[in-house]
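Sequence positions in the sequence shown follow mature numbering (1 follows the signal peptide of the UniProt record, and there is no 0) and run -21 to -1, 1 to 1175.
Keep in mind the hints are simulated off the structure, nothing from the lab.
Keep in mind that the hints are not guaranteed to be accurate.
Claimed, not checked - Each computed DSBU-like pair below joins lysine-lysine, with the alpha-carbon atoms no more than 35 Å apart: (1) LYS1095 <-> LYS966; (2) LYS1099 <-> LYS1048; (3) LYS1099 <-> LYS952; (4) LYS878 <-> LYS966; (5) LYS585 <-> LYS554; (6) LYS430 <-> LYS462; (7) LYS1095 <-> LYS538; (8) LYS979 <-> LYS878; (9) LYS34 <-> LYS423; (10) LYS905 <-> LYS1095; (11) LYS699 <-> LYS522; (12) LYS538 <-> LYS854; (13) LYS414 <-> LYS522; (14) LYS377 <-> LYS453; (15) LYS971 <-> LYS1084.
To be verified - Label-pair ranges, simulated between beta-carbon atoms: (16) SER1003 <-> PHE1140: 35 to 45 Å; (17) LYS346 <-> VAL274: 36 to 46 Å; (18) LYS585 <-> PHE1140: 50 to 60 Å; (19) PRO660 <-> LYS423: 16 to 26 Å; (20) ALA1154 <-> LYS1099: 13 to 23 Å.
Heads up, the beta-carbon is just placed ideally off N, CA and C, and yes, glycines get one too.
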Amino acid sequence: MWRHSLSAGIGLLCLAGNVFAKNEASPINPCPIRCSISGPNPLNWTYLHGTAALKRCEQPMLFDTMLETSIVDSNKHITFRACTASEESTIKTEDYKPVPFTFGTPEVEKDEEISAPAEDSEPVPTPSVSTDSEKRSLSTIKSTCASDMHKTSNLTSAFYHEWVPDDSSRVDGSINDTALAIETLQKHLDAADNCKSAIMFAKVRESISGLFIGSAVDKMSAVPFIEKLASKVQTREFYEAGRFSVSNCQTVRPSVWRVGIIADLQGNITAVQEALADWKDAKCARSPDLTVEWVDREIALWSIKSPLNGTVLNGTDGTSNSTAISGRGVLQSLHRRAECRAERVEAGDLCDALAKRCGISTTQLNKYNSGVKNFCNTLMPKQHVCCSEGDLPDFRPKPDADGFCFSVEVEKDVGCWDYADAHYLETSDIENFNKNTWGFAGCKNLQPGQKICLSKGEPPMPNPISNAICGPQKPDGEPRGNKNLTDMNPCPLNVCCNVWGQCGMDPDFCTEAPADTGAPGTSQPGKNGCISNCGMEITNNDKGPASFSHIAYFEAWNKNRPCLHMDVSSVDTKKYTHIHFSFPDVTPGDFKIDSSKLQDQFDLLKKMTGIKKIVSLGGWAFSAEGDTVHILRDAVLPANRATFAANVVQFVNDHGLDGIDFDWEYPSAPDIPDIDPSSNPNEGKDYLEFLKMVKRRLGNKSVSIASPASYWYLKQFPIKEIGQVVDYIVYMSYDLHGQWDHGNKWSSPGCEGGNCLRSHVNLTETKTSLAMITKAGVPSNKVFVGIASYGRSFHMAEADCTGPECTFTGSRTESDAMPGFCTDTSGYISAAEIREILWNKDMMDAREWHDRESDSDIVVYKENEWVAWMNDDTKSSRIDLYKGLNFGGVSDWAVDLDKDYGDSGIGNGDSDDSNLSGGKNCPLSKTYNDLDELAKDDSVSDDCKPVLAIKILEKMLDKSLANYDDVDNGYDKNFAAYRRVMKDSAKQAMAKFTSWHDGKYRDYFDCDIKADGTHTENWSGPCSEMKSHIAVVGMNIIKLTLRDEDGFWNAVEEDTGCIEDWIEFDSLKINTDPNEIAQNCPPPVGTIPQPCTPSLILSVEGYPKLKSDFDVPDPKDIIKDVKTNLDEIRTSISSRFFDVVAGIWDGGNSDVLQVFSVPIFLMAQAIQSMEDAKAKGVFLKLLMTLPMRVWLSWRC
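Produce the complete structure using the sequences and hints provided.
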């Protein structure tokens, strides 16, 4: 519950079913464990299942997966092991508030939290070329090579490849991200062992990189290949390629000599996976679009000295002094351990290569293996050959002395056939050995890091999974003892544990679906089969209550709202059995109960009879916001709980109350602002001890708590023990969904974006939450199930798309839904306000139906407004259902939201009828095409016309927006042409209009002429009469005074098309000199006459002219300003319209019309101007393509 409806607005609310562990991607922590914490061993990394989980983290990551298992194979379990390769602090800053919800979201262990970028994601670190110190750190690569091996230098060719995507593919990754992904591989290369193959993946957003190093290649030799690819990528600013690689791949060489690195910018993990698998199988690049060879690249190879003459045999091209290469160390079980020294055949091996690795000649190799017919032509990868005299050892594994099977941990590049082939087994043997091995779903579904048996015997204990929180693979879990593996480490609250060690309460977690092998800890592909506490049935409900109760929560502050008011004395004592009066304060420090802010209502409560009067303390706002957030936390501490308990008991007894209710939201909650959940991990136990103390002292009076229906919050409660202490538990089984779901895929199964239209009172989810609390050990007769007198509303993304797969707009912190006119909170609307909408359904364009699947009532109005709620019939059926399931009662939040007992009477109409008139009996069913049509309708009163005009304005707004989208298409280019011509035309027209001696401007000005007295005299009068009073020679100073301002501006606009903002009043100076034309004027006698211009010096003050920086205004700018506040305008129109028709608008009807008509008319006019300008621009561009004579004729 919450103290103010606004407090319920936004928060982290995650649906029960999809619960993930401490290092699993989540809304709080989408990234896996840091590599610096986990170390290089993938067994300690976070296990992620499916590519969606991998893609949620945008930080640099290392990961691995099975090479032979395609990540797009729906018949396989896809497991990634990943760690975050960044030390950046990426915890999401919670700019929203969690609220009461239903169960389930990821477990998070605080010291291992890795955050993701907030919604405005900051860039990941910029890659840089490795420093010398970084390069030197790579020299610490540990060697697992045998003592008789050493490395020698060889020359090889490197091949650079590019792949260009087809037209349908996008190159999404950036150069920066790609280079960083490559650098991530290089920085973690020191974790690789020499003389063992290295296979690594890295990811940065959409960029994927992969590295393969054969077992014979010294790992430091890979660094130049990595740097070469990184340099190649970073030095290209623009390119079409979507994938790059560098390798020394040649088909004549075995995979142990291979080095390859690949980068993909399209997020194509499959392409990178296939490339690494090909290099491992001695294959080369698949159909590149570009290949460039770089010759003479140095590479170091680990090898054995030849026993023939002490020289080193060639390991690469057979031409000089290198050594043969040992395959030992590829599988630890393959070291020599029998009569002959054995060597394993690698992909691509021929006899000469094997002989070199053995350190012997080809003749000797044939001799030692003479028992094999056609030996050199029948070599198969991973078979063993003798490199010395003797028989091949028996490589088949044996059980140990305690009867446990010989087990191995599955490597990411090894399958059942590989293990069988390497150990002289058949794959069917492995299938038979593992019928009871934990997690063995068959050879086709091997998972990296799992343990499997390669002999008969008892199966091994499975490896821990770093992010498992339940089951036998939970790290540091309970000792097995004699327990069945499935019974180890159950989930909190006894919710279901799945095969991946995660806790949840939905069919995917709670349904057993073992693999065809029947082995424990397995599931069918695409399922997350349950291993313990399976099932979702309501349990612990064999006995009902002595009497069924009906609680009315009462918001004692409800008169702070503009409407929807109620006195506590108006609560129906025949319908309700208990009042929970919400919420007096608890004072800090002394922990006393203070009801002074609610005194009037509290006094009314105490006078009531025939109903149990109970005060509720806490609420969301008091528990989780502002200065009061620590009060309840401090109050239950051992040092304070006796004082708080005594104060509570005294308050109950002094005021004659029947009990006390505590609504602490929530002990040890992990996401309360300014609260560190680790500061007191015992808050749940402290709460329990406090409740015990209060109950002992209150005796027969009731003690109750409100508890969340969310696994995320409830798991911190010792709820079974609390259930044994209190008289009942108010179970807040509402707010299953809300605006806060946006962006959270866990909140709404089947809705990746989280923003799907789902009911907050969904019955299926409610039953699941009830199963959770009863499975946790609370008997049903102590659970009072929550029902709601409010709806959760959304603004639909698409009109008429109303189903659970349809989406809503906004963000997790901002709802676009139309607020209620009393509650005034987007996303939250009272039952009374919903009834008012339905009573005025014609004017609100409202429709309603009952959704059977969710057992919720749905209302859609004003085209895009969607709300789920419980009408009276649904509430009644729910109450009957909960009675039949032996629950103790129901609790209604909140009775004052159901009906208005104040002056407005909101929601008091008969919901089965419609208000066909509305307002002051205005004919709201009438429709009009425009305002002119409404104005001509004399049958409508002047008081009603503004009401009906509001609906017309809405239509005008929608029409204008539709027109805008059409007009805007190609508008900018055409307007540019229009603007150029208009400016030129304005200059010409204004020059003519303001010609100083005969322009039309003179009709609107008075002139005051100061002359030199030689040719003219001073004169004052209308400028239209000036011509006869001024000479063409001499000096004149003219001062202009605007006499007819309105006439002037009208004439400017009419004659020139210019507007007032373009005009300024400045000075004009004219100075002509006859000597510019001829030296003498008049010309001398007897010479040829020359033109002669008299000298005129003229200065005009207050002269109108165009500003130098004038510009043609773009009507689109006006629309941008209006569109910025468009959603607010639309919502305000709807809200105020409803206020008017509901009779709660304080002002006059015409006031509403006046306020909203201005921006709508402004927008309509601007769009029309855009359309005109665009059309003229198109015409002008067309004219410019015509012959010059046509163009000039038009201009003239």
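Now the hints, each set against the structure:
1. LYS1095 <-> LYS966: The hint holds at about 23 Å.
2. LYS1099 <-> LYS1048: violated (42 Å)
3. LYS1099 <-> LYS952: Given pair LYS1099, LYS952 holds - Cα atoms ~18 Å apart, limit 35 Å.
4. LYS878 <-> LYS966: violated (68 Å)
5. LYS585 <-> LYS554: holds (19 Å)
6. LYS430 <-> LYS462: holds (19 Å)
7. LYS1095 <-> LYS538: violated (45 Å)
8. LYS979 <-> LYS878: Distance of about 71 Å is beyond 35 Å: violated.
9. LYS34 <-> LYS423: Since the Cα atoms of LYS34 and LYS423 sit roughly 25 Å apart, the hinted pair holds (cutoff 35 Å).
10. LYS905 <-> LYS1095: holds (34 Å)
11. LYS699 <-> LYS522: Holds - the C-alpha atoms of LYS522 and LYS699 are around 17 Å apart, at most 35 Å.
12. LYS538 <-> LYS854: It holds: about 25 Å lies between the C-alpha atoms, which stays within 35 Å.
13. LYS414 <-> LYS522: violated (43 Å)
14. LYS377 <-> LYS453: holds (29 Å)
15. LYS971 <-> LYS1084: Judged against 35 Å, a Cα distance of about 11 Å means the pair holds.
16. SER1003 <-> PHE1140: 35 to 45 Å: holds (39 Å)
17. LYS346 <-> VAL274: 36 to 46 Å: The hinted range 36 to 46 Å holds for LYS346 and VAL274, with Cβ atoms some 37 Å apart.
18. LYS585 <-> PHE1140: 50 to 60 Å: Given range 50 to 60 Å: holds, Cβ gap about 57 Å.
19. PRO660 <-> LYS423: 16 to 26 Å: Given range 16 to 26 Å: violated, Cβ gap about 44 Å.
20. ALA1154 <-> LYS1099: 13 to 23 Å: holds (21 Å)
Checked against the numbered hints given earlier, the structure breaks hints 2, 4, 7, 8, 13 and 19 and satisfies all the rest.
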